[in-house]
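There are 2 protein chains.
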Amino acid sequence: MFNSSSERLVAVLREWIATAPAGSQLPSTRTLVANHEVSPVTVQKALRILTGQGIIESRPGIGTFVRSHPVARAHDHAWQTAALGVVQRPLPELASAQRATPNDVISLQSGYPDRDLLPERLVRSAFSRVARSDAVLQRTPAAGLPDLQSWFASELGAITAPGLSAPAASDVVVLPGSQSGLGSIFRSLVGAGKPMLIESPTYWGAILAAAQVGVQLVPVPAGPHGPDTGQLDRAFEQTGARAFYAHPNFANPSGAQWSPEVSQRVLEILKNRGAFLVEDDWAKDLGINAESSPMAARDDSGHVVYLRSLTKSVSPAVRVAGVIARGPARERILADNQAQSMYVSGALQSVALDVVTQPGWRTHLRSVRQQLATRRDLVLDALAQHLPEAHVEQVPLGGLNLWARLPDATNLVQLVRDCEMRGVAISAGDSWFPAEPTGRFLRLNFAGPNPGAFNQGVEIIGQVLRA
Amino acid sequence: MFNSSSERLVAVLREWIATAPAGSQLPSTRTLVANHEVSPVTVQKALRILTGQGIIESRPGIGTFVRSHPVARAHDHAWQTAALGVVQRPLPELASAQRATPNDVISLQSGYPDRDLLPERLVRSAFSRVARSDAVLQRTPAAGLPDLQSWFASELGAITAPGLSAPAASDVVVLPGSQSGLGSIFRSLVGAGKPMLIESPTYWGAILAAAQVGVQLVPVPAGPHGPDTGQLDRAFEQTGARAFYAHPNFANPSGAQWSPEVSQRVLEILKNRGAFLVEDDWAKDLGINAESSPMAARDDSGHVVYLRSLTKSVSPAVRVAGVIARGPARERILADNQAQSMYVSGALQSVALDVVTQPGWRTHLRSVRQQLATRRDLVLDALAQHLPEAHVEQVPLGGLNLWARLPDATNLVQLVRDCEMRGVAISAGDSWFPAEPTGRFLRLNFAGPNPGAFNQGVEIIGQVLRA
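Going down the list, the protein sequences come from chains X and R.
Residues in the first sequence are numbered from 0 upward in steps of one, following numbering that gives the first Met the number 0.
Residues in the second sequence are numbered from 0 upward in steps of one, following numbering that gives the first Met the number 0.
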């Protein structure tokens, strides 16, 4: 328990002091030495520690005394209100996807894949291997573990269009999760008070990161084939924005994938406007009927800043993401990321690299694809059967979510609350809109635990909606 | 290598396309089926992938063609200059402490403890245990693993002054390292454009985090017994600042520890001014001749926001820190930290908790204390012997650094460069000043590898200085 004899003495004296009236004189050093069988040095050290803690005070030539101390009381932190002032940049409330749900609840709201969808065996063996390596004791370079940088670059390089130069390992910055990457990218490319275009609806975490940075969001409506490119071009022109945040593949929440025509047109607009696309390829490993086809694979002039996380496909405990950017943009992102987090745990980077380079990784991804297809279709069938009022415009080709529109008269707040009372957790779609929602939507996540209960869950939603 | 037969076909076709002139027609589906012994579904899938990648295009009723593609060329990212504009908030350059040094260099500049000073056995066994636990597969609550929150609270509670209420687990927010904690705290308590008082000299990472947030730093000079409290009070009055960042124990870089009188006076000033102290207790586990005696242990009215990192004492690969704050301040810090990083890897939190709750942890800390004392004294002796020009005002009672003043005529840039040429890595003190340096200082870190070479390193510094 105790570090040393002086610490032991400190503990004994603290007990005595706790019951002594303020101003009581402590026994002399000589007495303490005798009573506690310690050396005078130990006594001096203990008294120094207690003095440092503000518990006793020494009056030279007189003795050592218990300081007057206030009676324990209810805390009053009201003074902080004046010191803190009003919130400069209000942050949106956390979406329900971030809340934990009890085990006995049917969850259609999780933001993270269920354990069945994770490469458990690979993750455990990677942690065991890394435990024996030097990665658990070392600091890594700020831009990341070189081998992991190479891996991120090679993944994108393997699908880069012919004639374009593939990204280099040095174009990669490894991040402690994509959330901090979004912050760094928005600060680096846009900055406080400046406009940024953003698909609507889109990932609430991106809306949150933008709010934290103080970016002015300009929503651009997106449908099953991608954003409305006419509106996109007009928004660039009218706002002077130089960046556009989007999910070209398996958009969260809608599951949409940009058509080749939209992709081509967006690239033209970016070049024409001298603007960045912040491509959040969050579901790269979560394709169902299609592969992710990143915009970054069609650009080598630095217009696309590409963000890819491993948190959802490797494990929620392995907070590792990579951003691929070229030119000055990459330098700014790296500098910002360093100021924000210095570097990413080398242990987590090594675990991530170990998992994605095992032969079992590809096998795992194939199995996930099958499972996601089954889970998605379970919910789709349940919707058709029990909730015909819900309209799903886009059957997602990848990702973890269904985006279902409900009748305009639906009271979403009440629906979510009543479903929760009946043991079904769902997310109102409002959190996925950067501005006012354009309709009443539910985001139904099909990656949560216990897919066998999805049908019953949707049935309950239907009952509650009609009640 | 390949996920499926369609991926294999994609790879084959990409090779063919890479050498084909733009506009070439691809073989028909029937031909591809026959030549590659695959199903028509596979061919269609491969063609869809290539279309998605922008490599081919289909002209309905005619056939599929290789798209025109630009010749690989040198990248021109000049357009980004206009899109990015000038840097809104210039970040200071990274201090030399963050640079890696080659193995054959005598390093007196590291910012992180050498491997000999880390609890290697504890860290490895913690990672092995955690590999078998559920922590490697789960997401944790945003405020941290409850047991780790409790541990952080109990560490401070054990030394809280009698009569004051000890912090609760719910006052703790677990952070992915103290750097991101500094950002969250500065954003939450101060905000962009607002003033914050800061000890001078102080940790360059805090100066960096403040620059990123856009905080206006107001330096308060600090000596061997702490800050000049007269100047501190005046700076609060003149600037209207509501927060003060400081290291009351084992200050980085100077090693100073606030005297009980200074501590008491600072608390009075904080109460009087309705202000926060951001106490960075970075060397809590690195006391040498004294224990850390945190200001937070003498305050329960929410004036002290207490930051403690485990990265330096557990392992640089275990990026885990905790902040203890009470009242609305804690809510703001938690919300900001969530917007910045969502949550901290549960695997790293579990490893940290495992290490600090092993019986071997206390033994390890005692051994570190001995080693640091020896290392510090080695450098002090070497300074007396080889570099009498250096003045060390404060023999550090804890921490990892000596702060040595050199004659005012010293050309620090040249000294550092010339020492580097002679194989000795040292840090010019300028990075530790929020504003202009007040003298020519070296920060000599005594926690780097190979302490046996410290004497020779200091001898070389002396030779270079006198050359």
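There could be a bad hint or two in this list.
Note that identical chains are pooled: a pair holds if it fits in a single copy or bridges any two copies.
Here are the simulated SDA-like cross-link-like pairs (lysine to any residue), alpha carbons at most 20 angstroms apart as the crow flies [unchecked claim]:
| # | residue 1 | residue 2 |
| --- | --- | --- |
| 1 | Lys193 | Asp113 |
| 2 | Lys270 | His74 |
| 3 | Lys270 | Thr373 |
| 4 | Lys270 | Thr238 |
| 5 | Lys270 | Trp78 |
| 6 | Lys193 | Arg88 |
| 7 | Lys270 | Gln369 |
| 8 | Lys193 | Gly213 |
| 9 | Lys193 | His224 |
| 10 | Lys270 | Ser127 |
| 11 | Lys270 | Thr18 |
| 12 | Lys270 | Thr63 |
| 13 | Lys270 | Pro194 |
| 14 | Lys193 | Gly239 |
| 15 | Lys270 | Glu236 |
The set of hints was computed from the structure by calculation and includes no laboratory data.
Here's how the hints hold up against the structure:
no.: 1; hint: Lys193 to Asp113; in the structure: neither (38 angstroms within a copy, 44 angstroms between copies)
no.: 2; hint: Lys270 to His74; in the structure: between (58 angstroms within a copy, 14 angstroms between copies)
no.: 3; hint: Lys270 to Thr373; in the structure: neither (40 angstroms within a copy, 61 angstroms between copies)
no.: 4; hint: Lys270 to Thr238; in the structure: within (17 angstroms within a copy, 46 angstroms between copies)
no.: 5; hint: Lys270 to Trp78; in the structure: between (52 angstroms within a copy, 9 angstroms between copies)
no.: 6; hint: Lys193 to Arg88; in the structure: both (14 angstroms within a copy, 14 angstroms between copies)
no.: 7; hint: Lys270 to Gln369; in the structure: neither (38 angstroms within a copy, 61 angstroms between copies)
no.: 8; hint: Lys193 to Gly213; in the structure: both (8 angstroms within a copy, 15 angstroms between copies)
no.: 9; hint: Lys193 to His224; in the structure: neither (28 angstroms within a copy, 45 angstroms between copies)
no.: 10; hint: Lys270 to Ser127; in the structure: neither (47 angstroms within a copy, 50 angstroms between copies)
no.: 11; hint: Lys270 to Thr18; in the structure: neither (75 angstroms within a copy, 27 angstroms between copies)
no.: 12; hint: Lys270 to Thr63; in the structure: neither (76 angstroms within a copy, 26 angstroms between copies)
no.: 13; hint: Lys270 to Pro194; in the structure: within (18 angstroms within a copy, 40 angstroms between copies)
no.: 14; hint: Lys193 to Gly239; in the structure: within (9 angstroms within a copy, 28 angstroms between copies)
no.: 15; hint: Lys270 to Glu236; in the structure: within (13 angstroms within a copy, 52 angstroms between copies)
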